[in-house]
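Given the sequences, and given the hints that come with them, work out the whole structure.
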Amino acid sequence: MVRPRLIPCLLLKNGLLVRSQLFKVHQDIGNPMSTVMRFSNWNVDELLLLDISDHDYHDLRREDLQQQYEGDTALDVLRAVSRVCFMPLAFGGRIRTLEDIELRLASGADKCVINTKAVEDPDFITQASRRFGAQCVVVSIDAKRLEHGGYEVYIGGGKRPTGLEPSSWAREVERLGAGEVFLNSVDRDGSALGYDIELIRSVVGATSIPVVACGGVGAYGDFAAGVTQGGASAVSAANIFHFFENSYPFAKRACLDAGLAMRPVVLGSRWNPREPIYDQAQADTRIASRLDLARRGPSVVAAGRPSGRTPIRWCSRCVSPTISAAPMEFDDAGVCSACRMADMKTAITAEEWQRRRELLRGILERYRCTDGSRYDCIIPVSGGKDSYFQTHVIKHEFGLNPLLVTYNGNNYTDVGWRNVHRMKEVFDVDHVFYSPSVSLLKRLNRLGMIVMGDMNWHAHVGITTLPIRVAAQFQVPLLIWGEHGYLDQCGQFSMDDFPEMTYRDRLEHFARGYEWNYMVGREGISAQDMIPYQYPADQVLFDLDVRGIYIGNYLYWEANDHARMVIEQYGFEISDQPFERTYRRMSNLDDMHENGMHDYLKYIKFGYGRCTDHVCKDIRAGLMSREEGIALVRQMDHIKSRDLSRWLDYTGMAEVDFDRIADTFRDPRVWRVENGEWVKDNLWDESSAQ
Amino acid sequence: MLAVIDMKVGNLRSVLEGFARVGAEVQIAQSPADLEHAEGIVVPGVGAFGDGMACLEQQGWVATIRAEVIDKQKAILGICLGMQLLADGSEEHGMHRGLGLIRGQVVRLEPTEPGHRIPNMGWCDVTPHRTSSVLFGHSSVETFYFAHSYALACADAADIVATFDYGRPLTAAVERAHIFGAQFHPEKSQQPGLDFLDRFVRHVKRA
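Residue numbers (this note's numbering), protein chains in the order written: chain V, 1 to 690; chain S, 1 to 207.
Because the hints were derived from the structure by calculation, they are not lab data. For glycine and all other residues, C-beta sits at the position ideal for the given N, C-alpha and C. Heads up, a few of these hints could be off.
[Claimed, not checked] A short, non-exhaustive set of chain S residues, derived as facing chain V with CB atoms under 10 Å:
#1 N11
#2 P32
#3 G47
#4 A48
#5 C80
#6 H93
#7 I118
#8 W123
#9 Y145
#10 C154
#11 F164
Encoded structure:
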């Protein structure tokens, strides 16, 4: 007996994973490596990787990320993926010749997925099957429901009708030698409406090769029907696997619970542990060569890096640049995905917000403690305005008893310190305030700067680890985060995805691929020293059903309004003196470097800073014109802030060394050296040219 | 060191990465001479039997493989088509001769139930038939990934070390002295598959 398969489908666009809706809207999710590593660790049945790029080029260069790619084509990504992929891998996208198939197999694919070419040249299926075997040839069929009933096959990324009917086309591809059909419903793509069972059944009935069903899954419970009602040999989905912790194991469990004889849920693999295995000797070499490069100065740094292929542009509505820390897409009108997302958010009606509030209520009630044995939920708090807002909502609007958890990175401003310690009094709640040793923090500050150009690695990882550790320890399954930063900053998700906190997010975005074990053995740091940064095991999280929800997905989120409310109701204090690198006074009081030198390093890397971020948000919120924003950016983005002197004293680094190490992280697509100075194209030059 | 024969068609890289993951030293064998210094030989392969054999014959692999395995007693592992090539012959697209290291013929899968699809693509439970073997250790039933339309019917049932069920038991793996084969893809079978490769690697090191 062959077991039905559960297959995540990943869409690759210019080297990055994207989320897709109706085959049209694509939003960046992140890099494929960390996701595939997670899949190997989860013992996933099989993986489908579809490259949907229009042209075969990507540029993923980021000096501050742990994962590095060689090359700039889809095959290079495939080779990198194959190193961490120990499940069958079907690879598709732009396959036109037998040589294309040969190259993909040689680069790590086990089967190839053919779509447009199969329709244009059916004989190609036969040639490929004869040469590589039927099991290597997967024909992908994109089917669209016709207005008056029936279906039609579309090609060219769901854009071109073919006049073919899916089930007869499937029968034909089988006759021509295909070994499997990957059947996708164009209408259901990203819809979360469940599979189109009628479509699946018609294709399964017309063929005797395996059929993989895809398109429409919005909940774990949607998978089983593809097999039980549709008769598919395997069920697949894309978006759902990106957004939830242990998504695949939970989806698998739902299928098993529905009676499908799938392989069991197996969390963890001794050959593919969740925490990356670093080649420490190679890492040492990379660090040493960076320090060497730093010593040799800017012109040497710049000389070693070819510039980008396309000049940098800025969003025509806000001021987001095309090269940014957060992955972003720009549409044909030159508008960034964050602005589009803000439009979608603005378009959400009061009734819809009410529905979302009730969804939140449902979740909170489901996880509320009924027997007094534990807290109702955990709120990770920094003591900022958002922390106050979250606690206000949870405690006073929904009447839960939360446990507040704070990671203290030893960088509080005086105002921030008063704010965080006021919370237990004004909200009448319990509060765990966790402070790692200062000596460890100093070493992690230095390491973060040298390894990834960010002294605050410890803070980003601490904040996204410690509350989950406390959740596991206190057996509290629900964590309440504020807003998903990337939804707001770069429009990474749809408002309908309801993304939650995941290990992948933490490792890829917050830790930049540098897990706690990377630090062990450096600056005398031991594994035991790193306990605050060690994420609980998947099995623990799975058994407890730990979820970290973002209430920004359920409640209307406007930071400026929150600040006003918490000042009035709870005595929240804003900064008594302005920050140097942004005009906002109410953000990041918990960490003097977050708005300061940490952010200055973002400017060094990508050519923009927090002022740009805040301006973008305020333009989207209608609080500022683009011209006003540009003036602020011009005034503030480049400023080297005063907290640098504290940091240099704190860690014992000289300013010249700091600057030179920082220079090694400059993005060559943004920065170049002219007459010994770093220069870049500027937003205001573009504006004057228009 | 293990030598993985480059069959030109097939998922060579996946096989190499699988062995690399379990810490084995592997090299691609481009020509028969490359087998000389190898401690073990791996024949990967996806595709058709006739093409696979033609590839081995054209470049003079057949005599060398037989000499290394029969005369020098080197361990060999055939994976999927690679296992089928170990047999006497196959009926896939006409009759073809194999390497003749395992007695038997490769025959087309015959579906006996409506749920059976050809190719057989997916995860099947594999039942070991010996209490202890090189390929399976002492392990019980585990699930591996298969992708094939043909299967090896062994002439000597003693060569069959594990079976899977496809309406009736079929050969999942063979083991005859130092000659090994798997119908499934251990390099693509996640943890159980990597464990399987690891056992083969450790056997080669011991031998």
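Original post:
Once the shortest beta carbon distance from N11(S) to chain V is found, is it less than 10 Å?
Top reply: holds, 5 Å
Subject >> Hinted contact I118(S) with chain V - closest CB pair below 10 Å >> reply: At about 6 Å, which falls below the 10 Å cut-off, the nearest Cβ of chain V leaves the hint on I118(S) intact, so it holds.
Original post:
Regarding the hint that A48(S) lies at the interface with chain V, is the smallest CB-CB distance below 10 Å?
Top reply: With a closest approach of 6 Å, the A48(S) hint holds.
**OP:** Could you check if C80(S) really has its C-beta closer than 10 Å to a C-beta on chain V?
**Re:** With Cβ-Cβ at 9 Å, under 10 Å, it holds.
Original post:
Hint check: is the beta carbon of F164(S) less than 10 Å from a beta carbon of chain V?
Top reply: holds, 8 Å
Original post:
Would the stated hint for H93(S) survive a check requiring a Cβ distance to chain V of less than 10 Å?
Top reply: holds, 8 Å
Original post:
Holds or violated: G47(S) as interface residue toward chain V, Cβ cutoff 10 Å?
Top reply: Where the cut-off is 10 Å and the nearest Cβ of chain V is about 4 Å from G47(S), the hint holds.
Original post:
Given C154(S) was flagged as interface, is its beta-carbon under 10 Å from a beta-carbon of chain V?
Top reply: violated, 21 Å
**OP:** Classify the hint on W123(S) as holds or violated, based on whether any CB of chain V lies nearer than 10 Å to its CB.
**Re:** Since chain V brings a Cβ to about 5 Å from W123(S), closer than 10 Å, the hint holds.
Original post:
Does P32(S) pass the interface hint, meaning its C-beta sits closer than 10 Å to a C-beta of chain V?
Top reply: violated, 21 Å
Original post:
Against chain V, is Y145(S) within 10 Å by beta-carbon distance?
Top reply: holds, 6 Å
The structure shown violates the earlier hints numbered 2 and 10.
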